[in-house]
Amino acid sequence: MELIGLSAAEVLTVLGGFAAAVTALYLLKLRRRQVEVPFIHLWEEVLAQKQTTRLFSALKRIFSWLLALAVVALLALAMGDPRQAGARAEGRTTVVLVDTSASMQATDVAPDRLGRARVEIERLIEGLGGDDRMLVASMDAATVPLSPLTSEPRILRDALARLTPTDLAADLGRGLRFAHDVLRDQPQPRVIVVSDGVLGEPGEAAARLREAGAALDWIRVGEGGDNIAITAFSVRRYPLDVSRSEVLVELWNPGEEALSVELTLLGDGEPIDLSRLRVGGGERLRRFFTDVSGADRTLEARVRLEGDARDVLPADDRAYARLPERRRARVQAVTTGNLYLSAALLLDEYLDVVEVAPAAYPAEGEFDVTIFDGWVPPEPPRTPAIYLEPRPPEGTRGPFVVTGTVPRPFFDRLERDHPILAFTALGDVNVAEALAVELEPGDRVLGGDTRAPLLVTGSRAGHRIVALLFDVRRSDLPLRVAWPLLLLNSIDYFTTQDAGYLSSVETGEPWRIPVPAGVEEATLVTPSGERRTVPVADGRAVCTGTRAGFYRVIAGDADDVFAANLGPSEEAIVAPRDRLELGGEAAGPPVIGAAGVRTELWMLVVCAALVLLLVEWWTYHRRLTV
Amino acid sequence: MIRRGVLLALAIGAGLALGLAIARAAIGSPTFELEGETYELLAPPALAIVGVTPLLFFVLSLSLADLPPLQRWLGALLRAALVACLALALARLARSTDVTRVATVLLVDVSESVPDAALARARREVAEIWGARGENDVRLVTFAADARVVPLGGEAGVPGALARHDGADGAGTDLAAALQLAYGLFPPGHLRRAVVWSDGGQTRGDLLAETSRAAELGVRLYAVPTTEAAPPEVAVTGLVLPDRIDVGQPFPVRAQVFSTNATRARVRLYQGETLNGLDGVRDVELAAGENVIEMRSVVRVAGAVTYAFSVEPEGPDRFRENDEISSTVVVPGRPSVLYVEGSPGRATYLASALGAGDYEVDVRSPRAIPTSLRELERFDFFILSDVPADQVSLTQQDAIERYVRDLGGGFLMAGGESSFGLGGWHGTRIERLLPVHMDSERRRDQPSLAIALVIDKSGSMNGAAMDLAKEAAIATAQMLSPDDYIAVIGFDSTPSRVVRMQSARNRLQIVRDIGRLTARGGTAIFPALDMAYQDQAVTRARIKHVILLTDGQTQEPGIPELAQIMRAEGITVSTVGLGADVNRALLTQIADIGGGRAYFTQDPHNIPRIFMRETSTVARSNVVEEFFQPRVSTPADFLRRMDLSSAPYLHGYVATRARATPAQTILVSDIGEPILARWRVGLGWSLAWTSDVKNRWAVEWLRWPGFSRFWSELVREHMRQRRRQTLDMTAEVVDGRARVVVDAIGLDDQFLDGLDSTLHVEGPLGRGASRGDRFERDLPLRQTAPGRYEARFDLPRYGSFVLTAEHRRDGRPVAESHAQLVNPYPREYLTIEPDVALLERAARVTGGHLAPSVAQVFDPGDERIRHHEELWPKLLFLALILFVLDLALRRVRWLDRSFRSSPARGARAR
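Top to bottom, those sequences are chains A and B.
All residue numbers for the first sequence refer to my numbering, where the first residue is 1239 and numbers rise by one.
All residue numbers for the second sequence refer to my numbering, where the first residue is 11 and numbers rise by one.
Keep in mind the hints are simulated off the structure, nothing from the lab.
For each residue, glycine too, the CB sits at the ideal point set by N, CA and C.
Hints may be right or wrong, so weigh each one.
[Unchecked claim] Rough simulated footprint, nothing fancy, chain B against chain A, three-plus residues with beta-carbon under 8 Å:
| # | stretch |
| --- | --- |
| 1 | 1249-1261 |
| 2 | 1539-1549 |
| 3 | 1636-1645 |
| 4 | 1665-1679 |
| 5 | 1690-1700 |
| 6 | 1714-1723 |
| 7 | 1846-1860 |
[What the hints assert, rightly or not] Pulled from the structure, derived: some chain B residues nowhere near chain A, Cβ distances all over 10 Å:
| # | residue |
| --- | --- |
| 8 | 17 |
| 9 | 138 |
| 10 | 226 |
| 11 | 373 |
| 12 | 651 |
| 13 | 793 |
[Stated by the list, open to error] Simulated DEER-style distance windows between Cβ atoms:
| # | chain 1 | residue 1 | chain 2 | residue 2 | range |
| --- | --- | --- | --- | --- | --- |
| 14 | B | 41 | A | 1604 | 53 to 63 Å |
| 15 | A | 1514 | B | 871 | 57 to 67 Å |
| 16 | B | 178 | A | 1661 | 42 to 52 Å |
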């Protein structure tokens, strides 16, 4: 026996104190009531008999005292919350991993799979022995415990109430790793996964749990039904013609029967396209919408089954995308006057060009790109830069160490795949002279011959650069179409992030959303309107979310929208798995019948005290005790 | 007795009714407000116990106790209150209240990047916090890749030392997972605090992203960054290889080495399994901070080459794991040229010249010309020099044409005695492929030719052989200029003039006459040859030639003699033997004596080419043997960097006629005939070099210093640029998983959608990587956006990996992608400097800060937390008090004490 309420000393103190009080009361002699009688001799016989029962009276008194002491002892003991010695160590330790991923929103069972999971876990709680402890954790892309390891049903039920479904894929491996951490060195470890079985790979954690002697059980929920899912939805602007964009929608019918569906595309909240499609059983149908118009900021795709068919998982019927912004690029051209440069920059209407003389550098304002025409600043600029013949003045270190010049170099070798060289033909450009330079690690030569590089990209002071290592005016390059193309491609290379642009992020992943410079914290507004403060690191707000939809990031004066979707996963499979293999063995349902009976001894002790109190009350008033 | 029974029944009934009513009411509304506080019954049915109180009063009604009635009633009420107390205790009355108790989970990073001194300090601070906890709750978790709960309390209190995690666990850090484990350790009814001791290095998870959840769950995070000086450490942090490496060209290999202190070290560079030949071992001085060490290397054989760079510092070095890094680069092979030479013994001149120009040259005889596109795919340029058409089958010609048209290969026919028209290429597919016509303008000025075709039309020629013989005769007639003469004599047992000797300009008539040839009868050569002789003898022509075609055996006498006579009169005779049964000796003899050539073939399909070649050879009209210096007619890029005026004379060429634009004639002879011409055919280039590449016409060029450069530059400009389109592929390792992205944008600026793409991953490669540890897998690349394909997979090994993707459309490969992935060692060993900024940001988001004092750890501040306090222990205590009061009420006569003045009272009573 051990006490988990009051300590043994405290129990003894309480017991001692009250026992002393009780004893003191019993030591008091109850003053008898005086009754005057008319003739004493009539009572003498009675009094004589009374003398003979004195011993019996004493015994009744002692019995009464003992009864009172027993009541005090029982109540004091109950306050100590006694438990059977060692029982806690022998109780089972259970981690319940409740799948809260997107597929658990399926309504094939009433009210939905997560609701059914709650019912199943309630049964587990009811079957929990008094010495058993349980932890309830929600498991999607992350695993978050909703309760501590406890034997208290109320806390566990609170945890059940806090289970919420997410638009995430389940990561069973992560969940099992968490369970392994929790169950390390715990008695009779057990993991119960409550899920439809669409869980991802269990990884090595399942085997580690088995090795540690943990039982791995699975409570299967779900029955299956029809489902059509949007498994990919994204939009990209074309690399060169950024005024146009292309949209990809992928529909997946994970079932066996073909389904007729209606696909609606909304731009900025208004329908811009509606198509009726037939998606075969198991088919992933991709639709490409080229040259999408009618949307400036956001796109949304919705799909629904036609006719009487019922889609049991509405969660994957919507997807969201953010159109990449096409903003004007601000270009600072530091030049003493170069008609070829000015003319080339005039060709792109999306450029805001400010020309400054070297003496006036830097110009007022912020720029996306700086072009240095035959001049090198004393300090590297804080923008990406294009250098034309970067010959540093004496005593200044430019982007390259110049070692001399090379006469009549050619573009013998060209990295034709590089975006800067797209649609250019430089093979026959004549150059009078080029700088011979020392390249730095990480520099990439895009064109040149064996004697000298002519076109180089790299990075200086954390910003990308492009360098043409000759004076374009001493070449026939400006007379060619390649010249403006080369220049505009370079500016695009710096200012557009299309190659890495994602029209949506994945739920559950860490998101890094660009925010204006100088901001240290940002506010994330979720699709439900909830606001959260999120940190900013390296110019990006770092956050994550569990629901698909449009999010806002408010940072300083900037207020931007981005979209989040469920990433690639099997969550659309609504047919529950028949078998879940964990650690080399099939996991089965837990044996709830073998669960212990809750044994909170204090309640039994109090009940015993109550019975004694009733007995004591009866015996006292019937003068069986005094 | 009856009255007692009735009272008992009433008491029981009232008790039941009371108990049920109270229980029902309690179950219906277990929560109630009292004086601003919320109370709740957690087990409301237990309140039914109150139903026993009527029994108390029933017993009271039977009481024999000698106490004043009021005292008895007070006692009963106290006892009822006692029962009610116990009932409330069993019903688990709880009170919701705001508390300020703090539960703190102490998270100590015990990964290998954290120095021992930092761990010792963390332990001291943990002990300090434990000692100052008071009523607050404190839990301890140590974490690396995994997190573990460390028991606190008991006799030991705080462990004497914080143990590191064993095995591979220590080689990683997952701050987010440790925080997630902490969520499960906070007891209810406590404000939540977490204090993390760490260097901020993470190999898995994202602490910053997790802090949003921590803030949501009410966890305030404090951080104590590692401040202890790191023990001496040298780490190789990067290995940079040039983007492009050419076979045989030395290049720099740059290694980035970080050192915490200035020290000396020996560095080694391995190429594959062995030390780098050019620069293998070097002793270097390392400065504190980043160092770049450049070594030179050269790749001799194309293909994937793995470099490994290792550093061995002289002084102490904390981690050996980060002392080596490897990286793999795919070195493209030298461009390969297939050079088919009709005279293989004279192939060395051009082969050497191209070899010096950095080409792989595969010299073959005509017999080894590839017959399939797949074989030709290996080559970037194909030179066919001085090979007659009859040695290149139609299948091979078809493959060459598709090689140029579809695969973008470069093809050049070089001149010679068996090339162009002289080789019988007139009218072939190859002629259509070339930028020149093989009938030269010059032929009109040449003396006329009289040719007599003597064709065996015996029964054995029936079928395809006869048809092809007629086709050959027609082709010959069409090759001739209008000034030439032609006669066709068919023979079996007797000869007949199918076409009498006449001008070749009567082509329609001649073709119609040839079409009358039918096969039947035996074989008698002599009369036919004699008829040809007679026809030639009376014809006025500068060149008189007879071509004899037969497939049979004959033992006729006098044929050699007749040939001799013909030769004496300037009439030459060539023979063509068809089939295996032909009399080879006789035909060879006739040709030898007749000053012609003997041809033997078993395939009748070769007959037309043999006839054409023979006609061209006899005519010799296409050969120009004179010294000349080629001059540039149309400029070409590859000529820009060479001075052709210094080129020596060529001694001859095969006369051809330039095709119209878009064909370009680059070099011409002094009379303007094409020497070098080119045009685009499909994806590739086709070129004609009408002089030769050997020591006959180009003998002076072989000694010219620019010979090698001329051919190297020519081939470089016209060879296939690449086999397929290459799509950009990038790969990175995130959280131990590889993430591969292919950006598929076509040359026309359109996204390449709907590709069936497969990624092949292989590695780790290089030194020390055994084949048994090799990770090799094919994975699908899934399209996730227009022109974007992705794959993600676990990378269970460390080292250098090569990634190759093949992109197919309709089952045919259309593009490929290449990338390398370096996952040198666990990122734990890259954590050398603590990331204080990360810890500071994470703490700030949750309302915490860096380096909290003990008081701050337990400071609730303005925070309160709603806590359900179970009241049953207090109710039991109250029950004890009530019980003692109850006893006191029964053991002491508190009321009706007037009996002390009993005489008066007794008198009154009387």
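Outcome of the hint check:
1. 1249-1261: That given contact holds, which follows from 4 residues of the stretch 1249-1261 of chain A lying within Cβ reach (below 8 Å) of chain B.
2. 1539-1549: Coverage by chain B is violated for the stretch 1539-1549 of chain A (0 residues, Cβ < 8 Å).
3. 1636-1645: Violated - the stretch 1636-1645 of chain A has 0 residues with a Cβ nearer than 8 Å to chain B, which falls short of three.
4. 1665-1679: holds (count 3)
5. 1690-1700: violated (count 0)
6. 1714-1723: violated (count 0)
7. 1846-1860: holds (count 9)
8. 17: 13 Å, holds
9. 138: 25 Å, holds
10. 226: Per Cβ check, residue 226 of chain B is inside 10 Å of chain A; nearest 7 Å; violated.
11. 373: 27 Å, holds
12. 651: Non-interface label fails for residue 651 of chain B: nearest chain A Cβ at 7 Å, not farther than 10 Å.
13. 793: Its Cβ does come within 10 Å of chain A, the nearest being 7 Å, so this is violated.
14. B/41 with A/1604: 53 to 63 Å: This hint holds: roughly 59 Å between Cβ atoms.
15. A/1514 with B/871: 57 to 67 Å: 60 Å, holds
16. B/178 with A/1661: 42 to 52 Å: Holds: the Cβ-Cβ distance is about 51 Å, inside 42 to 52 Å.
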